[in-house]
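Engineer: Sequence:
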Amino acid sequence: MGMKFLKFLIFVVVSFFLIVLHAFVQAYVAYLNGDRTARQAKRLTLNPVRHFDFVGLLLIIFCRIGFTKPIPTNSYYFKHKRFGLLSVPISGLLVYILSAFFSVPLLFVCVKYLQPVMSSTVAGERGYELIYTIFHSVFTAGIGLFLFNLIPIYPLDGYNIVEGVFGCTNTFARWLRDYAKYVFLSVIITFYFADLFGLPSFLNPAYWYMEVLGGYIQQLFINIWLPLF
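With my numbering applied, the sequence shown covers 125 to 353.
Simulated from the structure, these hints should not be mistaken for laboratory data.
Errors might be hidden in some of the hints.
Stated by the list, open to error - Derived lysine-lysine pairs resembling DSSO-like cross-links, with alpha carbons at most 30 Å apart: (1) 236 <-> 128; (2) 166 <-> 205; (3) 203 <-> 193; (4) 236 <-> 131.
Please model the complete structure; the sequences and the hints are all you need to start from.
Structural biologist: As structure tokens, this is what we get:
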């Protein structure tokens, strides 16, 4: 197995794990808010089979983004409806961004302490590269999934936040939900297939959102942790 393919496989596995963790945390937060719907649907678990979505997995493999089946909730059971509607999607976003944030010191530890020790042998160097790839995948996948899920289209967290703030009867929220599949398809094409149409990077909204904004977030996290190392 080539190292390049192994790195790709690690990225897919790490991304899928983060997405499953995202779903589990949302189910747990809904439960804490008084809604047992996800628990009754057996979604309050880290078992990936319970959260598996085939299309979401394909997106992880081919587009470096993805999702699981939406967590079922019923706002009728929330102790405080508005808080519940907002805390569930926000908790999912926090899983991604905090995973990326706390992977940075682990990357610094790898570079500063593990590499000098492990690079003395071929096997050690290969082991170091695999460990570094795991943490780097958490870093990049976490930020990418955070930005993707922040987009306000159903059923992503960004839409659920819009619905939590304005209500499900809001005209904009209803439009996002009714035309979600068309908006979603447009976003995917724009994000990852714009180059097929020869669109320059600086004219591609996906470039500014995922690459430029994502790059700023990466650099911000690195700068925060750098003084400690």
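Engineer: Against this structure, judge whether each hint is valid.
Structural biologist: Hints and how they fare:
no., hint, verdict
1, 236 <-> 128, "holds, 23 Å"
2, 166 <-> 205, "holds, 22 Å"
3, 203 <-> 193, "holds, 24 Å"
4, 236 <-> 131, "holds, 21 Å"
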